[in-house]
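Q: Here are the chains, one letter per residue:
There are 2 protein chains.
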Amino acid sequence: MNVKGFRFSAVEAAIKKPGRLDLALICSDAPAAVAAVYTTNKVKAAPVLLDMERTTSGTCRAVVVNSGNANACTGDRGMEDARETTSLVAERIGASEHEVLVCSTGVIGVPLPMERIRGGIPSLVAGLGSATLDQIAAAIMTTDTFPKLEARTGTAGGVGYTIAGIAKGAGMIMPNMATMLAFVVTDAAVDPQWLDRVFRRANDTSFNAITVDGDMSTNDTAIIMANGAAGNPVLSEGSEGAAEFAVLLEEVLLSLAKLIVKDGEGATKFVEVTVKGARSDADAKRAAMAVANSCLVKTAFFGQDANWGRIFAAVGYSGADVEPDRAELFFDDVRMVQGGVFAGGDAEARGTGVLRKKEFTVTVDLHLGDGRATVYTSDLSYDYVKINADYRT
Amino acid sequence: MNVKGFRFSAVEAAIKKPGRLDLALICSDAPAAVAAVYTTNKVKAAPVLLDMERTTSGTCRAVVVNSGNANACTGDRGMEDARETTSLVAERIGASEHEVLVCSTGVIGVPLPMERIRGGIPSLVAGLGSATLDQIAAAIMTTDTFPKLEARTGTAGGVGYTIAGIAKGAGMIMPNMATMLAFVVTDAAVDPQWLDRVFRRANDTSFNAITVDGDMSTNDTAIIMANGAAGNPVLSEGSEGAAEFAVLLEEVLLSLAKLIVKDGEGATKFVEVTVKGARSDADAKRAAMAVANSCLVKTAFFGQDANWGRIFAAVGYSGADVEPDRAELFFDDVRMVQGGVFAGGDAEARGTGVLRKKEFTVTVDLHLGDGRATVYTSDLSYDYVKINADYRT
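Chains as they are written, first to last, in the numbering used here: chain A, 1 to 393; chain B, 1 to 393.
To be clear, the hints were calculated from the coordinates, so they are not data collected in a lab. C-beta: ideal position from N, C-alpha, C; glycine also. Keep in mind that the hints are not guaranteed to be accurate.
Unchecked claim - Heads up, simulated DSBU-like pairs for lysine-lysine below, C-alpha to C-alpha not over 30 Å straight-line: (1) Lys386(B) / Lys357(A); (2) Lys386(A) / Lys42(B); (3) Lys357(B) / Lys386(A); (4) Lys358(A) / Lys357(B); (5) Lys386(B) / Lys258(A); (6) Lys262(B) / Lys386(A); (7) Lys386(B) / Lys386(A); (8) Lys386(B) / Lys42(B); (9) Lys386(B) / Lys262(A); (10) Lys386(A) / Lys358(B).
Claimed, not checked - A few chain A positions that, by computed beta-carbon distances, are all more than 12 Å from chain B: (11) Arg54; (12) Thr56; (13) Glu84; (14) Glu91; (15) Val125; (16) Ala151; (17) Gln193; (18) Ala229; (19) Lys262; (20) Ser280.
Unchecked claim - Among the chain A residues that face chain B by a calculated CB cut under 8 Å, a handful are: (21) Ala14; (22) Val37; (23) Asn41; (24) Met216; (25) Gly309.
Only chain A is shown next, with the shape it has when bound in the complex (with noise of 0.2 Å):
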């Protein structure tokens, strides 16, 4: 995996426990157009804080990232820790702090080992060059299970370049919020503003569709940085090849947020949940979501219950514009519900048969309008409450 221009290193801190990797930096040669998303939780970690303030700026050259301390609810100290953290990055390679980033995940309410980061970042920064993306995706997971990294290749105005992104997921950070992270690095030259849209676009369907127990976490960010290494022509809204990058963000965006709910706290199960047939677009997002965040449907999956009933009682709270006699639920094919009422027949045998498998889908169609959604959830297992109760008792 080369994107070019971008160098990466990661070393142990021992912010975490001692034998992981807890320190990591992703580093611009050059000054590289940023996009961000963040958390829209009112409460906003100190490195969420300061980076929606840089990030206004367009561009930057480097994103720092600690994993086992969130620096979340530190207050004024949280700030002054964050500032340092990416100053001390600065100087050494070469940039003004406004043009470094800092995302934290981990413990929440516990001051950052300031001593541990202090003495971590000659080597990190040393290291530049010497860590490949996957090494990073490794060292940014707390309790994920496998690293999470993908890539595409494009092309525009006949010059070839990279999209490749990591993330981090759902699985538990001890002790507290399950915190999401993604970093995107291309080499694609990109207009700042389209680069802007579109990441925020890519997000609306990949991170944004995606809910393991409909918890926010006060960290959640991802962050796009295109150096423009690669030489095209730059890319902006509708410039040849702008059509294709967007769609391979979105795979990419869109691939590394399956495998975040493939990996989430105890899930057993992968479940695409669409409605169409909306009143709106928003109308479809909100009854999907009820449905993926519900604690009744989510151990029905695990239970593998063809429970229709309890989908269509969380359709009918979404408040979306729901008319039931019109509605028709399917798991994968096999139709469980139409005009309102049960199919009958053998959609009971046949629903069951597709809840056994890891993966399906379920589909509501509200025959409303052209609302359209989809979502993208887990199951609620015994281990998510075992890996969320047990912590520290």
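Once you have looked at the hints, place chain B on chain A.
A: For chain B alone, kept in the frame of chain A given last:
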């Protein structure tokens, strides 16, 4: 428990498994003022649709309740079956069918077994007066582990009256939704319009302030009947004794609501979540409900983990206005968070001590205004997953 002018009956109609009462009747000798609150789920069961129409008249004679079948997602046939059930009762008690309401709880999507209901109704009506309200509380149970009954006595214009209520709760209705049903009977004479207002208000702070898993059933219904048999001067807005009646009614409903949470599926903790200092009461309720419905928060309760970060994060994504650096958070009287950061000292040890209790409070003070709300919830345990996953597998 005697409420003048009301008679009760319950029989086995073989809708549920043999040996369980599954058809109950609450009957007032004279037409009673009636008010009701129904599920806001857009997928409403047939009996809910029928009752919504009928309670607009402001009076009724009887409520017939079956458990074992929800008569939900049953289309036109479901409406016919609900109507016939009320009609069979009405002709035997000498009422118009429009004066009889029906409630159902149980499996979704399967037609009511009308032969059994037709077979059970004659002995049900013949038995009026043979059952106590306690027995009705038991007859409407599904997987509830104990019957829920609460009563208060008051006086109006020197005349004594009784308010008695029963409820069935969030215990799983196999194999489908958890349905909440509540029936309140009083021999007080009450103006129907004022009864409606005061009953809705009492519902807001009781049945609408509890959550076990955040899911809302297609059949949730709370009904109050006031038949005036006590002979008091009619209670209405501002009348003598009206304030006392409102307080007693709220006490009955709140007590029943708390019993439902305590009997929640797999519940090992009873938690009172209060958000105060919010910009508005609506904001406070939004934040408190987000905390009470968070899977991460509820598994931490189960794990007795003083994980204030998860609670703080749930408040943050609730949509309520929050300024993190003003917020305080308490477990009982132990301050865990002050000015948005961990309170330090022995808070961790003392907070963990609170969470080891079977009942405790969580209080978040946002320090932004006068908005306040309290909701009641349980933890999320292995048994919740087991109860909800294991049916028919």
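Q: State for each hint whether it applies.
A: These are the hints, each one checked on the structure:
1. Lys386(B) / Lys357(A): 20 Å, holds
2. Lys386(A) / Lys42(B): 34 Å, violated
3. Lys357(B) / Lys386(A): 20 Å, holds
4. Lys358(A) / Lys357(B): 39 Å, violated
5. Lys386(B) / Lys258(A): Holds: lysine 386(B) and lysine 258(A) sit about 26 Å apart, inside 30 Å.
6. Lys262(B) / Lys386(A): 22 Å, holds
7. Lys386(B) / Lys386(A): Holds. Lysine 386(B) to lysine 386(A) sits at ~13 Å (cutoff 30 Å).
8. Lys386(B) / Lys42(B): 28 Å, holds
9. Lys386(B) / Lys262(A): 22 Å, holds
10. Lys386(A) / Lys358(B): Within the cut-off at roughly 19 Å; holds.
11. Arg54: Its Cβ never comes within 12 Å of chain B, the nearest being 20 Å, so this holds.
12. Thr56: Nearest chain B Cβ is 21 Å from threonine 56(A), so the label holds.
13. Glu84: Fine: 18 Å to the nearest Cβ keeps glutamate 84(A) off the interface.
14. Glu91: For glutamate 91(A), whose nearest Cβ neighbour in chain B is about 29 Å away, the distance exceeds 12 Å, so it holds.
15. Val125: 30 Å, holds
16. Ala151: Non-interface label stands for alanine 151(A): nearest chain B Cβ at 31 Å, farther than 12 Å.
17. Gln193: The claim holds: glutamine 193(A) sits with its nearest Cβ about 28 Å from chain B, beyond 12 Å.
18. Ala229: Per Cβ check, alanine 229(A) is outside 12 Å of chain B; nearest 38 Å; holds.
19. Lys262: 18 Å, holds
20. Ser280: 15 Å, holds
21. Ala14: 22 Å, violated
22. Val37: 15 Å, violated
23. Asn41: 4 Å, holds
24. Met216: 4 Å, holds
25. Gly309: 3 Å, holds
Consistency with the previously given hints fails for numbers 2, 4, 21 and 22, ordered from lowest to highest.
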